[in-house]
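Residue numbers (my numbering), protein chains in the order written: chain A, 1 to 397; chain B, 1 to 291.
Think of the hints as simulated: they come from the structure by calculation, not from any bench. Every residue, glycine too, gets a C-beta built ideally from N, C-alpha and C. A few of these clues could be false.
[Unchecked claim] Cβ-to-Cβ under 7 Å is the rule here; a few derived chain A residues that face chain B: (1) V69; (2) L70; (3) E189.
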Amino acid sequence: MSEKTANMKVVEGSYAVAHAVMCCRPDVISAYPITPQTHIVENLSQMVADGELDSEFLTVDSEFSALSVLIGSSACGARSYSSTTSQGLALMYEVLYNVSGMRLPIVMNVANRALGAPLNIWNDQQDSVGARDVGWLQIYVEDVQEAVDATLQAYKIAEDAEIRTPIMVCMDGFILTHVYEPVELLDKEKAREFLPAYQPADILDPAHPKTFGAFADPSTYTEFRYQQFEAQLKALDKIEKVAREFEETFGRYYGGLIDSYQAEDAEIVIVTLGSVIGTIKDAIDAMRSEGKKVGLVKVRSYRPFPVQALRKALKDASVIAVIEKDVAIGSEAGLVTDLKAAFYNSNIRIPIIGFTAGLGGRDITVKDIRKIVDKAETARKGIEFEFEFLNLRMEIL
Amino acid sequence: MEKSLLAPGHRACAGCAMPTTIRLVLDAAGPNTIVVSPTSCLEVTTTPFPESAWCVPWIHSLFENAAAVASGVEVMQKRKGLDTNVVIIGGDGSTFDIGMGSNSGMFERGHKILYVCYDNEAYMNTGVQRSGSTPFCAHTTTTPSGSQSQGNPRPKKDMPAIALAHKVPYVATASVAYPVDLRRKVKKALQVNGPSYIQVNAPCITGWTFEAGLMVELARLAVETSLWPLLEYENGELTGVKKVRRPKLVEEYLKLQGRYKHLFKKAECADMLGQIQAMADANIAKYKLVD
Numbered sequence: 001m002s003e004k005t006a007n008m009k010v011v012e013g014s015y016a017v018a019h020a021v022m023c024c025r026p027d028v029i030s031a032y033p034i035t036p037q038t039h040i041v042e043n044l045s046q047m048v049a050d051g052e053l054d055s056e057f058l059t060v061d062s063e064f065s066a067l068s069v070l071i072g073s074s075a076c077g078a079r080s081y082s083s084t085t086s087q088g089l090a091l092m093y094e095v096l097y098n099v100s101g102m103r104l105p106i107v108m109n110v111a112n113r114a115l116g117a118p119l120n121i122w123n124d125q126q127d128s129v130g131a132r133d134v135g136w137l138q139i140y141v142e143d144v145q146e147a148v149d150a151t152l153q154a155y156k157i158a159e160d161a162e163i164r165t166p167i168m169v170c171m172d173g174f175i176l177t178h179v180y181e182p183v184e185l186l187d188k189e190k191a192r193e194f195l196p197a198y199q200p201a202d203i204l205d206p207a208h209p210k211t212f213g214a215f216a217d218p219s220t221y222t223e224f225r226y227q228q229f230e231a232q233l234k235a236l237d238k239i240e241k242v243a244r245e246f247e248e249t250f251g252r253y254y255g256g257l258i259d260s261y262q263a264e265d266a267e268i269v270i271v272t273l274g275s276v277i278g279t280i281k282d283a284i285d286a287m288r289s290e291g292k293k294v295g296l297v298k299v300r301s302y303r304p305f306p307v308q309a310l311r312k313a314l315k316d317a318s319v320i321a322v323i324e325k326d327v328a329i330g331s332e333a334g335l336v337t338d339l340k341a342a343f344y345n346s347n348i349r350i351p352i353i354g355f356t357a358g359l360g361g362r363d364i365t366v367k368d369i370r371k372i373v374d375k376a377e378t379a380r381k382g383i384e385f386e387f388e389f390l391n392l393r394m395e396i397l
Numbered sequence: 001m002e003k004s005l006l007a008p009g010h011r012a013c014a015g016c017a018m019p020t021t022i023r024l025v026l027d028a029a030g031p032n033t034i035v036v037s038p039t040s041c042l043e044v045t046t047t048p049f050p051e052s053a054w055c056v057p058w059i060h061s062l063f064e065n066a067a068a069v070a071s072g073v074e075v076m077q078k079r080k081g082l083d084t085n086v087v088i089i090g091g092d093g094s095t096f097d098i099g100m101g102s103n104s105g106m107f108e109r110g111h112k113i114l115y116v117c118y119d120n121e122a123y124m125n126t127g128v129q130r131s132g133s134t135p136f137c138a139h140t141t142t143t144p145s146g147s148q149s150q151g152n153p154r155p156k157k158d159m160p161a162i163a164l165a166h167k168v169p170y171v172a173t174a175s176v177a178y179p180v181d182l183r184r185k186v187k188k189a190l191q192v193n194g195p196s197y198i199q200v201n202a203p204c205i206t207g208w209t210f211e212a213g214l215m216v217e218l219a220r221l222a223v224e225t226s227l228w229p230l231l232e233y234e235n236g237e238l239t240g241v242k243k244v245r246r247p248k249l250v251e252e253y254l255k256l257q258g259r260y261k262h263l264f265k266k267a268e269c270a271d272m273l274g275q276i277q278a279m280a281d282a283n284i285a286k287y288k289l290v291d
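Bound conformation, chain B alone (with noise of 0.2 Å):
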């Protein structure tokens, strides 16, 4: 195995997918590539000063501008007759929320930048906050369960929808649970000539709280459940769709994780699960995901 741009000894928890996700876009995207990244768990754990674990260029700004930050980098490459590949790598806080302005931005100008979203649905750097990615019913630190709360009252924020209303030219979904899918959508999308934007599920064991052996598992569930449909759009349409041979019930993603638990011990609760299935199902319908 050739040796990875992002090299061991990085202080992320055993059983994180975030790791594994930018290990993954880094084996598409090789060499040749300028990552930038916004404030989170992937700045704190992989460059301690005066440590790095980058192989890559890497910057980091701040919190809300690392598709500015991108934009800049972009202009100066292509200035300098280089055709360099520029990736940002962020969490959805900075995706969804915070950064909302300047992704806009670097969208609707058109650059060449590949933004990937490694999405595991809530401030985990901060731990555990809401963020607009946070789908209903999760428990967090700022949407607990409670006598008189089914954790977060909101579905997730539609950031693909998003992007693509931008006539962002590459839209993907992808899981960190099918690698050879999350690599060949990175390489496609770096051969637009425009932005693209790419979000990835990738749980987060302290946040959403499972067994470190399950991160991979958790992953795979989320698109047999279809609870996370793995797509792709080219120029606004749908290109690709990942079907499920067999979905599971939502039930046996939701059961392993402790954001859920508070489902499974009030009775009351059975109208949520019954809403996150109609959730499903509804993906099953709009994507055909079942043959």
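With the rest of the complex left out, here is chain A (with noise of 0.2 Å):
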């Protein structure tokens, strides 16, 4: 955390997400109500209705619509935004992909949370996890104020010429939207300066016509595939970069594509994504002070996922818990199969095993993460399991 300072408030979490948004300057915002995302975007109204915020703010009908209205502003060169979660995430899946084949730099915050059925207001991240093929850059932030700093980032990264793709900035539901919590809100002059306006070289202008969204055959489509996944890989240095600009404007650093805690030292490293970080810090304190030799590898880049920070970062790892708040039914989850991936072709050689916690809002607790961390000892000596649901109640199945 970032010490006191004269712009540090307390603040919910929406709220200092909302003044990071208005700090972007966004010409055009769209959206549609959805829990637990609505007290972000109820607060940039009220910053337009106030006059704080000079954007367009379009109230539209569907999810589906809120993200397609933003298609034709940034197809115009706006600066783009829009905020949902979970069951709106999954209403907006076709133009998701659609942004991101434009090469639209919309930037969304996905304020993470479960899908139905059954019906789940709390936090997961199902949502965005689900959504990591989409053609979006994601970053997962660890508390408020990564929140309100990583969105200034996204428009950096998202704008810049060399990337031109849209990103979700994805904060966990409640946990960090809903939470009250000191943050350092952005200084709207350095964030001017941080972030200039955007100038896209390519706009719909009838003075210049162009052809936006034609129809592509077989024979050119996957180089348009290609350039976005190009696109991506270069974004693994611009995020980096960005984040280290970030660090001389406003003195906050958080890693750019991962950080770590405890980890150079660590025999057993936890690798995860978001708040329960702050949980996982707490419980390898606990630990480290018993003498056990625990760390942690946040992954704050997951798409583009960033192989070779990980195979650095974790090479000397004994053994690698995963913990993620998402499920890919008939496999395993997203991080940890990616993580494995990533290993594979590399001569690392290190037992991984996975837990989905937290589904629906379940609490992790220290005790939780303890119990994890016992469970990896085990691997060390022999994987008896690759992947498990934490804490399952038996008694109700």
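Given two chains presented individually in distinct reference frames, assemble the corresponding complex, making use of the accompanying hints.
Structural data, given as structure tokens:
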């Protein structure tokens, strides 16, 4: 956490993010209400109503239309913003591919939440992890301050001429959107210097007619996808570079692609995404005081997936335990599968076990982290399971 | 003749009403126009990458979101202080069915957007399946005629009435066979400070199955039989009706089309023909089409 300064205020996470969006000066905001994203867009519409923010704010008929509106505005050169979660993100699915395929640098905060059925409004990350292959960059944040800072960074990454790829800034619903904590709100002028106006080369302009969203047959379609793939690989450097530039201006750094905590000499390393990191750090502190060599690697950029950075950070571990709030039903879960794939063709041979936890808002406690570490200890001697649901309530099954 | 804003060389079928409709709309709208199109034959035939027939800026996103995309275009052009015509050109599948949610949102928010539906009364791009716009008794590949079927069992959805229910200030029907009328309506719609909706009867040669030279003739017959009245509503009031001098019998229109041929083969279809004639007669009475 950063030092206490004049701009530091105790505010709700959603307000802090809305304030960050205001500092990004979007031309067009389009959103549809869904819990727990609502406070973000309510705050933004109030800022517009109060004249604090000069943006066009569209209230639309669905999440599907919310993101579709931004296709039109972004194609006309607008810096464009939306926020959603869960069912809303699922409803946007078709549009997500279109935004990335048309290379429109839209930024969206995803207030991570479970998907139905059964209906559940609480936090997990099945929504955005499920959308990992739609061509958007995905940054997962640990706390409200990082959500604020990543939102500003996101536009700078997305709008870069070499990248031109939309970004989801993923923050755990309720846990980060509804929490009140001390946050250093962005300084508007500094944000303006950090993020200049968006000036795309190709827009819809009657003086220079261009065709957007053409029909590509088998002779050209693959190359469109390849260019997106290439842009995501270029984003590996860009994300790190922008994080460092942000540090120079604002004095805060969270890692670019990944970050780590007590990982250098750790034998057991936990790898995860999002706000559970706070709990894991507490657990690590406690276990370290008992002499257990436990560490953490946080995956900040899930797309692009930072294969080299993860190999480097994890190569000396004896065992890796992945904790994630998603499940790939019929396989394992997103992060653990990607991590195994990252290591398979390397010469690193470390046992990797995966845990799905915290689904539908179930708390993940320090005790749970200890339990995972115990299981990881066992796995060091030989893997008994590769993947499991943590804390299954056997009595109701 | 001035150069059209839809270049030749596109891949639409010979005898298709869609490119003719686009040309008439663009003639009236002029170059200061951004066109948004949902997925349809239009996109497939006019924008095979790296070619494009469009001489105005044009964007296609998805089947069901043209009205939302156009909303984003309109607000950003306004924000830049530009008075650009924003025109959606889409088929009946996206307009009547899958795009209804975003159409409703666009109408209700009151964007200054002209929505032109070229209505060929089925999902032609995917191979002539029934849409909400398919008329009563028309054979499609999902409402085929057969021993137990007389084709589409339901009447056509009244999309202009849906636009009117949103208090869309300018709503009109038009026909590719009446180019002067269509261009005039487009110009009028673009003067409206809000949404406008024009539904153009646009015969599809493969879906309706008719002789290639008959496209305009069929569209004219739809008007002359009173099955497709040419209407104009301003601020909810019916202000324009194209009179029909001597209404023709619906059979004259139906018998030229393969999609109705079953009606002329089976004795039990006489009642169907009667019901379709009754629809035309109802239009005559409702809109006072005949003096």
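Hint by hint, here is what the structure shows:
1. Contact between V69 (chain A) and chain B, as hinted, is supported at the beta carbon level, the nearest pair being about 4 Å apart and thus within 7 Å.
2. Checking L70 (chain A) against chain B: minimum C-beta separation of about 6 Å stays under 7 Å; hint holds.
3. Taking 7 Å as the C-beta contact cut-off toward chain B, the hint placing E189 (chain A) at the interface is violated, the least distance being around 23 Å.
In summary, the one numbered hint that this structure violates is 3.
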